[in-house]
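Asks: Sequence:
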Amino acid sequence: MLILHGKQSLNEDVRDAVADKRKQGWELDVRLTWEAGDAQPLVNEALAAGHRHIVAGGGDGTLRDIAEALALAATKTR
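Going by UniProt numbering, the sequence shown wraps up at 78, each residue one higher than the last.
One or more hints might be untrue.
Cut-off 25 angstroms, straight-line C-alpha distance, at most; resulting in silico cross-link-like pairs (DMTMM-like, lysine to aspartate or glutamate) [to be verified]: (1) Lys76 <-> Glu35; (2) Lys23 <-> Asp38; (3) Lys23 <-> Asp13; (4) Lys7 <-> Asp29; (5) Lys76 <-> Asp38; (6) Lys23 <-> Glu45; (7) Lys7 <-> Asp20; (8) Lys23 <-> Glu35; (9) Lys23 <-> Glu68; (10) Lys23 <-> Asp60; (11) Lys7 <-> Glu68; (12) Lys76 <-> Glu45; (13) Lys76 <-> Asp29; (14) Lys76 <-> Glu12; (15) Lys7 <-> Glu27; (16) Lys76 <-> Asp20.
Since the hints were made in silico from the structure, they are not lab data.
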């Protein structure tokens, strides 16, 4: 799953990269965050769906939110 800050949805390079990966056969789900805290339910969705890889895109805040969501999810599975 690719989790991006919402502003990245307008980035043509990102859109092209996603399209290229899908043409290569990747099953790539894309989700967007808009504000702090949005990453937690998206990370939970990715893990519940069995995704083994989560790619984060955005700025420092987006990456921090996703890292925190992953860390919280890891503590819940212990």
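Asks: Are the hints correct? Go through all of them and say.
Replies: Taking the hints in turn, this is what the structure says about them:
Between Lys76 and Glu35 the alpha-carbon distance is near 23 angstroms, which keeps this suggested pair within the 25 angstroms criterion. At most 25 angstroms may separate the alpha-carbon atoms for a hinted pair to count; Lys23 and Asp38 exceed this at roughly 28 angstroms. Note on Lys23 and Asp13: the hinted pairing holds, with a Cα-Cα distance of about 15 angstroms set against a maximum of 25 angstroms. With a C-alpha separation of about 17 angstroms, the suggested pairing of Lys7 with Asp29 holds against the 25 angstroms cut-off.
In summary, the hint linking Lys76 to Asp38 is supported, as the alpha carbons are separated by about 18 angstroms, within the 25 angstroms threshold. About 24 angstroms separates the Cα atoms of Lys23 and Glu45, which keeps this hinted pair within 25 angstroms; it holds. The hinted pair formed by Lys7 and Asp20 meets the criterion: a straight-line CA distance of about 20 angstroms does not exceed 25 angstroms. Distance check on the hinted pair: Lys23 and Glu35 sit about 30 angstroms apart at the alpha-carbon level, beyond 25 angstroms; violated.
Note on Lys23 and Glu68: the hinted pairing is violated, with a Cα-Cα distance of about 32 angstroms set against a maximum of 25 angstroms. At roughly 29 angstroms between alpha-carbon atoms, Lys23 and Asp60 are farther apart than 25 angstroms, so this suggested pair is violated. A C-alpha spacing of about 21 angstroms is found between Lys7 and Glu68, which places the hinted pair at or below 25 angstroms, so the restraint holds. Note on Lys76 and Glu45: the hinted pairing holds, with a Cα-Cα distance of about 14 angstroms set against a maximum of 25 angstroms.
A hinted pair counts as satisfied when its Cα atoms are at most 25 angstroms apart, and Lys76 with Asp29 qualifies at roughly 24 angstroms. Of the supplied pair hints, the one linking Lys76 and Glu12 is violated, its CA atoms being roughly 37 angstroms apart against a limit of 25 angstroms. With a C-alpha separation of about 22 angstroms, the suggested pairing of Lys7 with Glu27 holds against the 25 angstroms cut-off. In summary, the hint linking Lys76 to Asp20 is not supported, as the alpha carbons are separated by about 35 angstroms, beyond the 25 angstroms threshold.
Comparing the model with each earlier hint shows violations of hints 2, 8, 9, 10, 14 and 16; every other hint is respected.
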